[in-house]
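Participant: The listed protein sequences correspond, in order, to chains A and B.
Just so we're aligned, residue 198 is where the first sequence starts under the numbering used here, counting upward by one.
Just so we're aligned, residue -11 is where the second sequence starts under the numbering used here, counting upward by one.
Just so you know, the hints here were simulated from the structure itself, not pulled from any lab data.
Just so we're clear, the structure is a prediction, and the values are computed from it rather than from any experiment.
Glycine is no exception: its CB is placed at the ideal position from the N, C-alpha and C atoms.
Among the hints, erroneous ones may be present.
[As the list claims (entries may be wrong)] Mimicking DSS-like on lysine-lysine, the simulated pairs with C-alpha atoms at most 27 Å apart in a straight line are:
id, chain 1, residue 1, chain 2, residue 2
1, A, K242, A, K308
2, A, K242, B, K(-1)
3, A, K276, A, K242
4, A, K239, A, K199
5, B, K(-1), A, K276
6, B, K3, B, K66
7, B, K(-1), A, K239
8, A, K276, A, K199
9, A, K242, B, K3
[Stated by the list, open to error] Which stretches of chain B does chain A cover? Using the computed rule of at least three CB atoms under 8 Å from a CB of chain A, they are:
id, segment
10, 20 to 30
11, 94 to 103
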Amino acid sequence: RKEVEQDPGPFNVPEGATVAFNCTYSNSASQSFFWYRQDCRKEPKLLMSVYSSGNEDGRFTAQLNRASQYISLLIRDSKLSDSATYLCVVNIDPSRGGKLIFGQGTELSVKP
Amino acid sequence: GAGVSQTPSNKVTEKGKYVELRCDPISGHTALYWYRQSLGQGPEFLIYFQGTGAADDSGLPNDRFFAVRPEGSVSTLKIQRTERGDSAVYLCASSSGLAGPDTQYFGPGTRLTVL
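Extracted from the complex, chain A is given alone in its bound form (with noise of 0.2 Å):
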């Protein structure tokens, strides 16, 4: 079982569309959770970082449920943009360095 697991999509979303990506984690000892966006061919770059409480920031709200060992990003009004890899991302422990752990991935394609 991979550490952490994603759905690969394609998702192929309208613009305007609400998308929601969702993500597992195998170790419950993970302590941070982050999602990265990646467009094609080039580094990722960090989209947000998630929270017990969950967070919002404008368009994007991320979720992360400990108990259920689920991480979760909505997407509101979707813009062609947003079209990119967004790659869910666990740091088991942090005190110890920032040695993450990436998904595979999951692509959204936007369309007029």
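Start from chain A and add chain B according to the hints.
Facilitator: Only chain B this time, still in chain A's reference frame:
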């Protein structure tokens, strides 16, 4: 300011050859990471430096892979006797190394192709 830079951007080599990949982190960042990304997969951790020392090298796949950071800034990933399975994008990231939330900033990567 300048971000993380990596050279070369592309490297094509033949099976069995030796390659070196270089990473220049963001100035002042004490933590440096190497990851490898194969097509259709997320990045996979290789090694983490805090200053000059390798704090975690648990991701290096075998003894053909080695990395150094002699002065605590630039790092070089070295691969001996390359194999076709080593073909991937090698990503470097750096972070401030401070306690608390410590965002990793990635470089553009080196695309390695082993023929």
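Participant: Determine for every hint whether it applies to the structure shown.
Facilitator: Hints, one by one, checked against the model:
no. : hint               : result
1   : A/K242 <-> A/K308  : 22 Å, holds
2   : A/K242 <-> B/K(-1) : 23 Å, holds
3   : A/K276 <-> A/K242  : 18 Å, holds
4   : A/K239 <-> A/K199  : 24 Å, holds
5   : B/K(-1) <-> A/K276 : 35 Å, violated
6   : B/K3 <-> B/K66     : 15 Å, holds
7   : B/K(-1) <-> A/K239 : 16 Å, holds
8   : A/K276 <-> A/K199  : 31 Å, violated
9   : A/K242 <-> B/K3    : 32 Å, violated
10  : 20 to 30           : holds (count 5)
11  : 94 to 103          : holds (count 4)
Taken one by one, the earlier hints fail for this structure at numbers 5, 8 and 9, listed in ascending order.
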